[in-house]
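Engineer: So the protein lines, in turn, are chains V and E.
Each residue of the first sequence is one higher than the last, beginning at 1 in the numbering used here.
Each residue of the second sequence is one higher than the last, beginning at 286 in the numbering used here.
Bear in mind the hints are in silico, worked out from the structure with no lab data behind them.
If you're wondering where the values come from, they're calculated on a predicted model, not measured in any experiment.
Where a beta carbon is used, it is the ideal one built from N, C-alpha and C, also for glycine.
Incorrect hints may have been included.
[Stated by the list, open to error] Computed far set for chain E versus chain V, every beta-carbon distance over 12 Å: (1) F377; (2) Q535; (3) P813; (4) H816; (5) A851; (6) P905; (7) I980.
[To be verified] No farther apart than 27 Å at their CA atoms in a straight line, the calculated lysine-lysine pairs in the DSSO-like style are these: (8) K947(E) to K1055(E); (9) K939(E) to K225(V); (10) K233(V) to K350(E); (11) K42(V) to K350(E).
[To be verified] One side of the interface only, derived from the structure: several residues of chain E facing chain V at Cβ under 8 Å: (12) R405; (13) Y406; (14) R568; (15) D578; (16) K939; (17) M997; (18) D998; (19) A1000; (20) R1003; (21) F1007; (22) F1010; (23) E1064; (24) W1067.
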Amino acid sequence: MISMPFEYSRATSLEDALAKLRASNGEGKLLAGGHSLVPLMKLRLSEPKTLIDIARIPELSGIRAKDGSIEIGAGTVHHEVATSALLRQQCPVIADAAASIGDPQVRNRGTLGGSLAHADPSADYPAVMLALDADIHLKSAKGSRVVKAHDFFQGLFTVDLAADEIIVGVQFKPVKAAAYAKLYQRASHFAIVGVAAALDMNGRTVRSARIGVTGASSHATRLTKVEEQLAGKELSTSSIEAASRLAGAALDGFNSDIHASEEYRRAMVPVFTERALAAALARAS
Amino acid sequence: MPTITTPVLPKLVGQRVKRREDPRLIQGRATYVDDVALIGMQHIAFKRSDVAHGRIRTIDTSAAKAMEGVEAVFTGAEIAEFLAPMPIGTPFPSPEHRAVAVDTVRYGGEPVAVVVASDRYIARDAADAIVVTYDTLPAVVDLEKAMTGKPTVIHPDFPNNLAVPLLPSGTGVSPDGSSVDDTAINAAFAKADVVISQRMVNQRLAPSAMEGRGVVAHFEPGKGTMTIWSSTQNPHILRTFIAALNGLGQDQVRAIAPEVGGGFGAKINIYGEEYVTSAISKRLGIPVKWIEDRSESFVATTHGRDILGYVELAATRDGTVLGLKLRLIADIGAYNMLLTAAIPTLTMMMANATYNIPAIRTTLTEVFTNKTPTDAYRGAGRPEATYFVERAMDMLARELKMDPAELRRRNFIQPKQFPFVTQMGAIYDSGDYEKALDKALKTAKWDQLKVERDAARAKGRLVGLGLAMYVEVCGIGPSSSLPTGGWEHSQVTIERDGRISATTGASPHGQGNETTFAQMLADQFGVPLEHVTILHGDTGIVKQGIGTFGSRSQAVGGTALHMAGAKVKSKMAKFAAALLEANEDDLVFENGTISVKGSPASAKSFATVAGFAYIPVPLPEGLEPGLSDEAFFEPTNNTYPFGCHISMLEIDRKTGEPTLLKLVAVDDAGNLINPLIVEGQIHGGLAQGIGQAMIEEVVYNEDGQLVTGSFMDYALPRAIDFPRFELAGTVTPTPVNPLGAKGVGEAGTLGSTPSIVAAAVDALSEFGVKHIDMMLRPEKLWRIINGGRS
Chain V
1 MISMPFEYSR
11 ATSLEDALAK
21 LRASNGEGKL
31 LAGGHSLVPL
41 MKLRLSEPKT
51 LIDIARIPEL
61 SGIRAKDGSI
71 EIGAGTVHHE
81 VATSALLRQQ
91 CPVIADAAAS
101 IGDPQVRNRG
111 TLGGSLAHAD
121 PSADYPAVML
131 ALDADIHLKS
141 AKGSRVVKAH
151 DFFQGLFTVD
161 LAADEIIVGV
171 QFKPVKAAAY
181 AKLYQRASHF
191 AIVGVAAALD
201 MNGRTVRSAR
211 IGVTGASSHA
221 TRLTKVEEQL
231 AGKELSTSSI
241 EAASRLAGAA
251 LDGFNSDIHA
261 SEEYRRAMVP
271 VFTERALAAA
281 LARAS
Chain E
286 MPTITTPVLP
296 KLVGQRVKRR
306 EDPRLIQGRA
316 TYVDDVALIG
326 MQHIAFKRSD
336 VAHGRIRTID
346 TSAAKAMEGV
356 EAVFTGAEIA
366 EFLAPMPIGT
376 PFPSPEHRAV
386 AVDTVRYGGE
396 PVAVVVASDR
406 YIARDAADAI
416 VVTYDTLPAV
426 VDLEKAMTGK
436 PTVIHPDFPN
446 NLAVPLLPSG
456 TGVSPDGSSV
466 DDTAINAAFA
476 KADVVISQRM
486 VNQRLAPSAM
496 EGRGVVAHFE
506 PGKGTMTIWS
516 STQNPHILRT
526 FIAALNGLGQ
536 DQVRAIAPEV
546 GGGFGAKINI
556 YGEEYVTSAI
566 SKRLGIPVKW
576 IEDRSESFVA
586 TTHGRDILGY
596 VELAATRDGT
606 VLGLKLRLIA
616 DIGAYNMLLT
626 AAIPTLTMMM
636 ANATYNIPAI
646 RTTLTEVFTN
656 KTPTDAYRGA
666 GRPEATYFVE
676 RAMDMLAREL
686 KMDPAELRRR
696 NFIQPKQFPF
706 VTQMGAIYDS
716 GDYEKALDKA
726 LKTAKWDQLK
736 VERDAARAKG
746 RLVGLGLAMY
756 VEVCGIGPSS
766 SLPTGGWEHS
776 QVTIERDGRI
786 SATTGASPHG
796 QGNETTFAQM
806 LADQFGVPLE
816 HVTILHGDTG
826 IVKQGIGTFG
836 SRSQAVGGTA
846 LHMAGAKVKS
856 KMAKFAAALL
866 EANEDDLVFE
876 NGTISVKGSP
886 ASAKSFATVA
896 GFAYIPVPLP
906 EGLEPGLSDE
916 AFFEPTNNTY
926 PFGCHISMLE
936 IDRKTGEPTL
946 LKLVAVDDAG
956 NLINPLIVEG
966 QIHGGLAQGI
976 GQAMIEEVVY
986 NEDGQLVTGS
996 FMDYALPRAI
1006 DFPRFELAGT
1016 VTPTPVNPLG
1026 AKGVGEAGTL
1036 GSTPSIVAAA
1046 VDALSEFGVK
1056 HIDMMLRPEK
1066 LWRIINGGRS
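Just chain V, with the same shape it has in the complex:
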């Protein structure tokens, strides 16, 4: 439980962090809450030469409403997301997901950006980012770019993020009619299966639905089959149940571990899809 030696430097601004990252020649790692990185370093599974601490950069933190969108800085800790009055009112799904992460210690240190960059297959936020169709804002010394959540998560611990890039924040249109349902892994409180569903409703009828699942396979994935099935439908217990049955059918490479077999995870995806949809619908009215 002792890491290899490393250099540590604290970035004072985003520009400073980018410069330090560039100077590290690919041997640097960004440290925010440290709740994924530090355990890996202690187990010597990750041995970065340099840690660039971005936890105290004010411009990376905070939750703001802007032109009908909400922006959350990448350095915002889970607790702040979970307890944000703005999010609770306009987009409770992300606050719910944040509140379900780990335990109070984790939520007081862990950050949104850290979770997205690490892309643990069982992390909660990625499913929500997919459901909200969030834009992920990235910045490097060369410039900025925006990646859609569904393009960002590419595989096991793999995201569209270059070695010299930092996640600055996420931006999304708030959706009231959205919810997150999760089967907890009881040790880590990660998701064995977590489903975030966001509905765009016209009365009882679905204009469009976006659903993200995490925990089931190598990375968070949209349940497009269910989304398509729901589009244009009037929502009811039975239509939700029928659509949910399709959930996960197209997924391959289900995870399997001591907490849940592949078969069990496969069976749980529809269950939690249905629960997320039902809760989202309840918020629509």
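Keeping the supplied structure of chain V fixed, place chain E upon it in accordance with the hints.
Structural biologist: Then chain E, alone, in the frame of chain V:
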């Protein structure tokens, strides 16, 4: 006439006094082993095996030795040159166990080399730089597979991996197990209408104290003495073993248990790291420190439970239990540790539970596997017995379609039967089991709960109720039952200023004895609690002791304290009598004064009498100066606390997730010194009992690699895992000690576990399930709900 204006001090025994220990603990002002820093101190790191079973082919320590800051590197063979094999504390046959493996490793995490370096980080890096190659041998993880001797025999002298092939006990078995008469047990089963038969797994657990283990050893060559600080439950036992293995006298070793952040039984054992650290300090003549990290703790600190029970329970149709057969197969892990072999014998001992069972036969087989050794874990043998018997009783009630409470009631040992000699030869001191059952039924509103359960079921919910009785053996007790001696020691000193210092050989590490023992002395001497200091955990200060385990500190240690206090009080009365010109038998100790009964004006302050005892001019005839005395208390028997726990649990029909809705615990620990601390002890025990039932399980893969090697995969219960506990109690004092106190540290782990599993079985009864092995993994329950489809 002056009137005494001192406020009347309340009697404290029986009061909910807040723990005096807590402010320093929660403010980070306590001193743990890792806080000990000595000049010139070096740091130890262990290189540990990453294979579960293998012959060491080569160890290359050259790179480690060459590192800047590395003082020394020792392989197992080099350590063996100056450190004898590890002793055990039981009379069972045991294979040689080196603190650092010499040629063969037998579990993942077994030490193979030791680094001594100038700081912890260098030591860790140097351990990484040691290159070990192994000829890997097949590993055996499953204990019943191990019993076949295939695919491997772990210790050549123990064929089929049997540490103990078969040890019988119970009805018809002579005390040494050599003569066995089956007549009674066979007759009992022959006349049974119903026989319940079930294989049950009591799974492996990781004790997971908040503070891991740690050692600082300081051998002073000039004096030839050793001081060892260790996170241990029993510094005096540690001293005995450390002295023996270092070739020192017990007078030459001082063992200190500073603040200890939890033990749960796993810090009774004397570990290889303690022997190695002390031996290296002696060899190099410098202080050395080793601090366990959390990853090490999962493999290097003993695990708990891991025992199979084949249970058969014979009864008549009306619910009268006739006989019990309990075949136990216990997983030792790779080696016997201090008490490993004895823990399952406590399971045998408690097979009689709370019932009149005319015939009982237990057998015990102990098996080596390529896993971390097991040893005591909170409850240590008794939760296992309770679990097996209570699960069987629950199954019997279900079979007979009888209320589980009613079945118990029909079979209880009755109050007039105490002292009760069990089929296993234990003598239960006192008990009123029906009273505890009734209190629990009333507290839980059992009949109403049934209505609620049935109403929930009518709506399609899977809700179940479970009930379990328990009796445990505590106040571990007479010297005939413990190889270390079964007494406890205390010395009480009235200081010159009238304040009180008292030592105890009990070594609290969360039990709150600094508070409870001070309450007792404050009452005994009529002084404020704040004037009493309880000293413990240091053999240089506490002259003698055994330690804290087996829920013994209050029943045994508390009694020794009380006895020592009585001796000092008697002497103090003589000094007071001289000052007051009164009869020593007519004195009253209260409100910080000593006065003459019936004439309160004739009084001296407590401090005045204390001062006089140390400057006795004139010295009263027949007295020596000073006020300090000691006592050893040897109980005549163990104590047998008991209780009844009730659970209500719901299982999600779609996912199999269990949620504990309610837990009612009625515990009878005899007389209570501090109900607040007792409740805290019960809460902690319940947490661990619930943890075992629902979320805790050590898992190895087939190669013997630990899969649950961190808290990401090993679920330690947290507050959100519990409902609000509902506690109540009955009080049945023990005649075994003058306090009437029985002990309560482990009780919570006994009843909770089987009551929760019973509730889960009840919740899933519509699927025809009769028993579910722990832990209640959601997938397991989901499979039952789905008809075992795979």
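Engineer: Return the numbers of the hints above that this structure violates; sort them in rising order.
Structural biologist: 7, 10, 14, 21, 22
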